[in-house]
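Colleague: Sequence:
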Amino acid sequence: MSGSPARARVSALLLVAPLFLFLAAFFVWPLVMMITVSVTDGTVRQVMPETASAIGAWDGSGLPPKEVQDALIADLRAPSEQMAFGDAVRRLNSEVSGFRTLLSRTTSAVRDLPPDQTVDLAGIDPRWGEGRYWQALQRAMPNYTDRNLLAAVDLKRDTEGSITADVSANRVIMVRTFTIAALVTALCALIGLPYAMIAAASTGWVRNVLLLAVLLPLWTSLLVRTASWVILLQNEGLINKALIAVGIVDQPLQLIFNRTGVVIAMTHVLLPFMVLPIYSVLLGIPRNLMPAASSLGASRLRAFWHVLLPMALPGVASGSLLVFMVALGYYITPALVGGAEDQMISSVIAFFATGTANWGMAGALGLILLVTTTALYLVYGRLSRSPNMVGA
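Counting from 1, position 157 in the sequence shown corresponds to residue 157 in UniProt numbering; the numbering is continuous, with no gaps.
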């Protein structure tokens, strides 16, 4: 009998083991890899190991000693994978423009010379006589760097190591992402609160129909919903035809490939995430509170403002946080419905990951989104678990 509890614990552990393995393989490991790739920078060090060892002792003034130059020559003469060498060249070229042609010319010249012949790097290319190329080579050697994290917020380190402003669009796109997410959240709250109130006040088949209208979009593919809005919002779409037919406008409105289309489509997609938390809170509010407030002389508007709304705010706050943190990572809807000035940070992450294979920048931007959504999720969890919020 003493072994029964132990066997029960082992059985329970075996039952949940697949879940833990799934989370570790498809959630924890990708997050760890994303964080790691955003702060690692061993691309150049891997291709030029001898240069990395020799250049670390250089103080960065003037030109490096002969030992560093000999180490670079040895690394350029050593065989290396073409892909790894190309990644190292791109990394150095991002530090100082011109490194691509400099390394290509130097590598070809060094490998054509006999191994025992003295090599004059400045004679091969005068740019080796400039200290900025050697300084860029030294900055690219550490295994860990904050370069990608700084670049994600339009910052960089100058030659002296100080953080300075950089010319990039990442900060603008980040602000745009938060602006669109906040606007969509506000519209979802304005639509979701009255809708949830009507659903909570209804009974029977009316409530079922209202809830079905909210849940039905969740059962439809996001790509299908977005494509439907492309059809509805275009110049010859149903919305423009209806507006022209009733005489509201004389010519089609530009509702697609701009910010308006993105906000409309995202609001429709994310509205259920606002309605359901508010609806669950409203169900816990006693139905006799509003009649009691009216019996005490309060108008309907005053009773709503001072009685119902404060008790529904926990649901509004939870729904707003949920909609906001989901909207931050939207990619398909802005890509299909929006224009060039409406793309969000997820599009930039996709560009760095698949377009330029710059995994460091993709990981850094993803890390910013991860920190933001994690903080919002903690707030959301606190509000949704608080037993006193509903009755406050």
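If you're looking for bench data, these hints aren't it; they were derived computationally from the structure.
A hint or two may mislead.
As the list claims (entries may be wrong) - Computed beta-carbon distance windows for the label pairs: (1) Phe351 to Ser162: 54 to 60 angstroms; (2) Pro18 to Gly60: 49 to 55 angstroms; (3) Gln251 to Leu190: 25 to 31 angstroms.
Claimed, not checked - Distance condition first, Cα-Cα at most 20 angstroms in a straight line; then the derived DMTMM-like pairs of lysine to aspartate or glutamate: (4) Lys156 to Glu341; (5) Lys156 to Glu95; (6) Lys66 to Glu81; (7) Lys66 to Asp166.
Beta carbons: idealized from backbone N, C-alpha and C, even for Gly.
Colleague: List, from low to high, the hint numbers that the structure doesn't satisfy.
Modeller: 1, 4, 6 and 7
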